[in-house]
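K.L.:
Line by line, the protein sequences give chains A and B.
First residue of the first sequence: 1, per this note's numbering; consecutive thereafter.
First residue of the second sequence: 283, per this note's numbering; consecutive thereafter.
Hints are computed from structural coordinates only; laboratory data are not their basis.
This structure is a prediction, so every number in the text was calculated from the model and none was measured.
Where is the CB? At the ideal position from N, CA and C, for every residue including glycine.
Among these hints, one or two may not hold up.
Claimed, not checked - Okay, the calculated bits of chain B under chain A, using three or more residues with CB under 8 Å as the criterion:
1. 312 to 318
2. 323 to 334
3. 374 to 384
4. 409 to 418
5. 515 to 525
6. 534 to 542
As the list claims (entries may be wrong) - With the Cβ distance kept under 10 Å, some of the chain A side facing chain B (calculated, not the full set):
7. F42
8. F67
9. L94
10. G98
11. M108
12. Y113
13. I134
14. I267
15. Q274
To be verified - Which chain A residues stay away from chain B? Per the calculated CB distances, all over 12 Å, these:
16. R74
17. S99
18. G137
19. I153
20. T155
21. R200
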Amino acid sequence: MASDVILIGERSEIKPRPRKESRGIGLGRFALVTITFFTFAFLYVPIAILIAFSFNSARTGATWQSFSLQWYERVFSNARILEAAANSLIVATLATIGSVIIGTLMAMAMERYQFRAKLAWDALLYLPVIVPEIVMGISLLIFFAAINLSRGIVTLVISHIAFCMPFVYLTMRARLADFDKSLEEAAQDLGADEWTTFRRITLPLLMPGIISSALLAFTLSLDDFVISFFVTGVGSQTLPVYIWGQIRRGITPEINAISTLMLLLSIALVIITQLIQRRQRA
Amino acid sequence: MRLAGLMAPGAFWLFVFFFVPLLIMAGISFLSRDRLGFPTPPLTLQNYWEIVRDIRFAPSISLAGGLTIRLFEGLYLELFWRSIWLSLLSTLITLFIAFPVALFMARLPSRYRNLALFLVMIPFWTNFLVRTYALQFMLRGNGPINTLLSALGLEPIDLLFTPAAIMLGLVYGNLPFMILPLYTSLEKFDWTMIEAANDLGADMLRAFQRVMLPLISPGLLAGSILTFVPAIGSYITVELMGGGRTNLIGYAIAQQFSASVNWPFGSAMSLLMMIIVTFRCGALLPQRSRGISQRSLRRRGRTWLRMSS
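Could you build the full structure based on these sequences and the hints that come with them?
P.N.:
This is the structure:
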């Protein structure tokens with residue numbers, strides 16, 4: 001099958017044909033536009049409504065009363081929310097540092113060395129990606145109970161590193177595949193020792209990849225609810241775990257405000273990532 | 283050993299905090315429960331027996347809600363079957379919505395394409411819980427939709443707490459995870475190949491099957507896995523959209539560790555679910571007979587990279 005494709009590809013290069021213009025505004029095109037429009041509407045309408053109602057003064061949230069910032073004031077004066085936000089940031093920062101270091105080293109080992117059982121390792125590193133979060137969450141809960149480690153920030157950080165690491169690994173692996181090894185060789189030919197080569201050549205060249213995977217790990221950690229839910233302790237709730245508790249308790253207009261703030265944070269992270277990408281390309 | 287030095291931290295972490303916990307979980311699934319629901323010796327097969335115990339041969343045909351033909355009955359059999367069925371169906375629906383969107387995006391002029399990509403990226407990166415909550419908030423009995431309906435003099439409708447609501451929640455939640463990998467594959471697809479296939483006598487369907495499908499399969503695969511796995515293990519969606527009335531495996535497992543404590547039984551169900559998921563995802567892998575080749579892994583790594591950045 002693959003050889004067919006190559007053959008077809010070569011053939012089309014030999015005999016280029018002008019594209020038929022008729023497919024421009026056909027029925028198919030109209031269907032695509034319609035589906036895309038409704039899909040984006042479907043994705044954004046609930047979010048837009050949530051944002052709008054976070055500025056609603058009514059407590060029940062269903063009917064619009066008047067514009068108000070009171071729920072935002074409540075959020076910023078609620079010690080438990082601020083504590084949960086701080087916990088989330090601490091965990092995400094530590095998990096990012098840990099998973100980026102471990103994942104990058106792993107990717108370098110897998111990309112640069114040939115060894116036995118390499119294929120098996122490759123498959124194993126994919127496993128955390130396809131194991132359902134809930135299974136990972138409860139197995140870690142059982143594990144921490146078995147080794148008698150009380151649940152808190154430490155167990156959160158350990159778990160978050162475990163599920164972020166494979167994603168960092170995958171990202172770095174793809175970056176390393178495009179890495180030009182001759183630059184390192186040149187540095188060593190010019191007398192740089194191994195550590196200097198790593199510090200002055202390898203690391204700066206890998207920096208864009210490291211930043212991308214750090215942003216990825218940071219977002220994954222910040223967003224996680226299911227695993228955190230099972231490994232969190234009494235005083236160490238993360239923001240999503242706190243939100244969950246509030247949603248289950250009933251009507252809480254503060255949640256709309258927190259959600260809007262978290263949404264803004266996500267948008268900011270997406271924009272930062274895009275800007276970094278653009279600068280890299282330039 | 284430099285290699286060992288590079289591998290050691292990752293291997294240690296993965297082994298101690300991923301494989302060992304899974305092994306302990308597997309072990310616990312063969313233990314009994316004490317009075318509080320925590321694992322205790324002796325070894326037993328009771329937890330697995332509990333799952334298959336009430337399965338009996340009871341062929342039946344019902345016409346309620348479409349034609350249903352059943353051969354077997356059983357509480358947990360139905361739980362597993364319902365979960366697999368609902369997740370597969372939600373993956374298919376998501377695919378059918380996401381494919382035209384990704385196709386449309388890939389064929390846009392690059393300026394609009396970046397904007398569209400940005401619009402998919404935002405829900406992709408936004409907290410899943412927050413988004414599901416937003417959907418639930420909109421559909422609530424006293425939420426904006428019903429307020430609008432009653433303002434128009436119409437009857438309010440019950441949109442939440444049904445299997446259909448769970449399905450809606452799963453599609454809503456997972457759409458970005460399907461659109462992005464599909465788009466990544468379609469974006470670099472060379473459309474002249476379709477024309478070439480047509481020139482060589484293939485009709486559209488055949489060109490799609492033989493040329494397009496193999497080339498976009500990495501994105502198709504990544505999207506399906508990223509949709510199916512969270513769907514079958516879903517907890518947030520089942521609780522918020524289904525109100526816990528329709529039980530799915532992920533939710534049932536979570537309950538064994540929170541509401542009604544029974545760790546050994548929960549572990550047994552987890553192990554079964556993991557086997558199902560691995561089997562399903564394995565079946566989705568192309569070139570299965572060839573095993574996982576270096577190239578296909580690298581390609582999937584690239585797909586992931588492009589999606590994540």
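K.L.:
So, for every hint listed, does it hold in this structure?
P.N.:
Taking the hints in turn, this is what the structure says about them:
Given as covered by chain A, the segment 312 to 318 of chain B fails the check, having 0 residues with a CB less than 8 Å from a CB of that chain where 3 are the minimum. Counting residues of the segment 323 to 334 of chain B whose C-beta lies closer than 8 Å to any C-beta of chain A gives 0; at least three are required, and the coverage claim is violated. Note: the segment 374 to 384 of chain B has 4 residues with beta-carbon separation from chain A under 8 Å; the three-residue rule is met and the coverage holds. For the segment 409 to 418 of chain B, the proposed coverage by chain A is satisfied: 8 residues have a C-beta within less than 8 Å of a C-beta in that chain, meeting the threshold of three.
Closer than 8 Å: that is the beta-carbon criterion, and the segment 515 to 525 of chain B has 5 residues meeting it against chain A, so the requirement of 3 holds. Taking a C-beta to C-beta cut-off of 8 Å, the segment 534 to 542 of chain B contributes 3 residues in contact with chain A, enough for the three needed, and the coverage statement holds. Nearest Cβ of chain B to the Cβ of A/F42: about 7 Å, under the 10 Å cut. The hint holds. The closest approach between the C-beta of A/F67 and any C-beta of chain B is roughly 16 Å, which is over the 10 Å cut-off, so the hint fails.
Among the interface hints, the one on A/L94 is violated; its C-beta lies about 13 Å from the nearest C-beta in chain B, farther than the 10 Å criterion. The beta carbon of A/G98 is positioned within 10 Å of a beta carbon in chain B (closest approach about 8 Å), and the interface hint is therefore held. Interface hint status for A/M108: upheld, as the beta-carbon distance to the closest one in chain B is roughly 5 Å, under 10 Å. Checking A/Y113 against chain B by beta carbon gives a least distance of about 5 Å; that is within 10 Å, so the hint holds.
Given the 10 Å rule on beta carbons, the hint for A/I134 holds: about 5 Å separates it from the nearest Cβ of chain B. For A/I267, the suggested interface contact is upheld, since its CB lies about 6 Å from the closest CB of chain B, less than 10 Å. Proximity of A/Q274 to chain B holds as hinted, the smallest CB-CB distance being about 7 Å (cut-off 10 Å). No Cβ of chain B approaches the Cβ of A/R74 within 12 Å, the least distance being about 17 Å, so the stated non-interface status holds.
With a least beta-carbon separation of about 9 Å from chain B, A/S99 fails to lie farther than 12 Å from that chain, contradicting its non-interface assignment. Interface exclusion of A/G137 from chain B breaks down, the closest Cβ pair being 8 Å apart, not more than 12 Å. For A/I153, the non-interface assignment is confirmed: its Cβ lies about 15 Å from the closest Cβ of chain B, beyond the 12 Å cut-off. For A/T155, the shortest C-beta to C-beta distance to chain B comes to about 10 Å, within the 12 Å cut-off, and the non-interface label is violated.
Distance check on A/R200: its Cβ is at least 18 Å (rounded) from any Cβ of chain B, clearing the 12 Å threshold; non-interface status holds.
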